[in-house]
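Asks: In case you want the letters, here they are:
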Amino acid sequence: MTFTQALILALLQGVSELFPVSSLGHTILVPALLHWQNVKRDNGTFLPFVVALHCGTALALAIFYWRDWVRIAKAVVGGIVRGRLGDGRDERTGWLLVVATIPVGLLGLALQKPVQRLFGAVEPAAAFLMINGLVMFLGEYLRRRQHEDRGKSYKPLEKLTWFQSVGVGVGEAFALLPGISRSGASMVAGLLFDLDHEDAARYSFMLATPVILAAALLKIPDLFVPGAHVALGEAVAGGVVAGAAAYASVAFLTRYFKSNDLRPFGWYCLLFGALCFTLARMGVIH
Amino acid sequence: MKILAIVLAVVLFVLGLLYGLGIVNVLTSAGHGHHIKHLILLWVLAVLALIWARFQSAPSH
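Protein chains in written order, with our numbering: chain U, 4 to 289; chain W, 2 to 62.
Source of the hints: derived by calculation from the structure; they are not laboratory data. None of these values were measured; they are calculated from a predicted model. A portion of the hints provided could be inaccurate.
As the list claims (entries may be wrong) - Here are the simulated lysine-lysine pairs, BS3-like style, with alpha carbons at most 27 Å apart:
#1 Lys-158/U / Lys-261/U
#2 Lys-3/W / Lys-116/U
#3 Lys-222/U / Lys-43/U
#4 Lys-261/U / Lys-116/U
#5 Lys-43/U / Lys-116/U
#6 Lys-162/U / Lys-3/W
Between the sequences and the hints, there should be enough to build the whole structure, so can you do that?
Replies: Okay, here's the thing in C-alpha cells:
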C-alpha cells in the first residue's frame, strides 16, 4: 500500500464510517474499483493501519461529543455511588448506551470473523450496500407512516426503553455485514422506536464511539502475532486524516439531520451498489 | 435479584478466566489458544452485573 493510497483509504474510512453508507463496504468496493491489487486486507501491515483509522475516528467522535460524555460519565458514576438508578436525562442516556453496546459486543465477537470470511468479497458487499439503501427507504417509509400520516409524536432519546435500546444495538450489529452501515442501521432502528432524525443520529454517533474504540483496542493483541509489522508513517497519517474526516462528517451530519432524512443516502447506496454489483458480475472488478 | 446478579458476575468472571487461559474455546474463530477479547468482554459484563447488584441493594424510594 502506497502512502497516497493510505491517505485516500483513511479519508474514505473517516467519512463513510459516519455517513450511513458502510465504511466496511466502501473499503472493499473502492480499492476494487480503482484496481488497487496491492491493497490486501489480510496483509500484515493492514491491521495496524485499520487500528489507527478506528482510533482516529473514535477520538474525533469523543472530541465532538466531549461535553455530553463528561455529563453522562458524571451522572452514571453518581448513580453507581448512590447505588440507585436516577431518572436524570444524562444518566438514563448513559445506561441506554451501555445496554445497547452489549449486543453489539457479543454479536461482534462471535460473528465478525465468520461473517467477513463469508461475505468479504466485492459481489456480496455490493449486494448488501443495495440492501442498506432499501433499509433506509423502508425506515423512512415506516417513520412517515407512524408520525406524519398517523400523527404519532416523537419521543426524546432518554425515553427509549431498555428493550428498545437493545433493539438499536442489535440493529447496529447488522453492520458486521460488509455493505450494511453501522450508523444507518442504528438510525433506522432509532427512527422505528419513535426518535426523530436528530436524536437518532446523536444516539447512533454516541453509540458508535465506544464500539469503534473497542474494535480498535481489541485488535491490538493481534499486532503482536508473528508476521505483523507496523508501517508507522502510514498508520499515523491515516489516523489523523480519518479523525479529521470523521469530525467534519459528524459536524455536517448533526446539522443535516436537523431538517433532512436518510433518503439521499438510500439512493446513493442503491446506485453505487448496483454499479459495483454489475461491474463485478461482468468481471470488470473483483 | 441481588444474589442473582452476584452469581452472574462470578460466572462471567470465571468464564472470562477460562477463555483467557484457553481452556474454553466455544464461539471462537481462532480455535485453541488464549482468547483475550473474550476475557475482556466477559469481565466487562461481570462488572456490569456487579453494578446491577449494587443498584439492587439501595433502599427503594
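Asks: Hint compliance check: list the failing hint numbers for this structure, sorted ascending.
Replies: 2, 4
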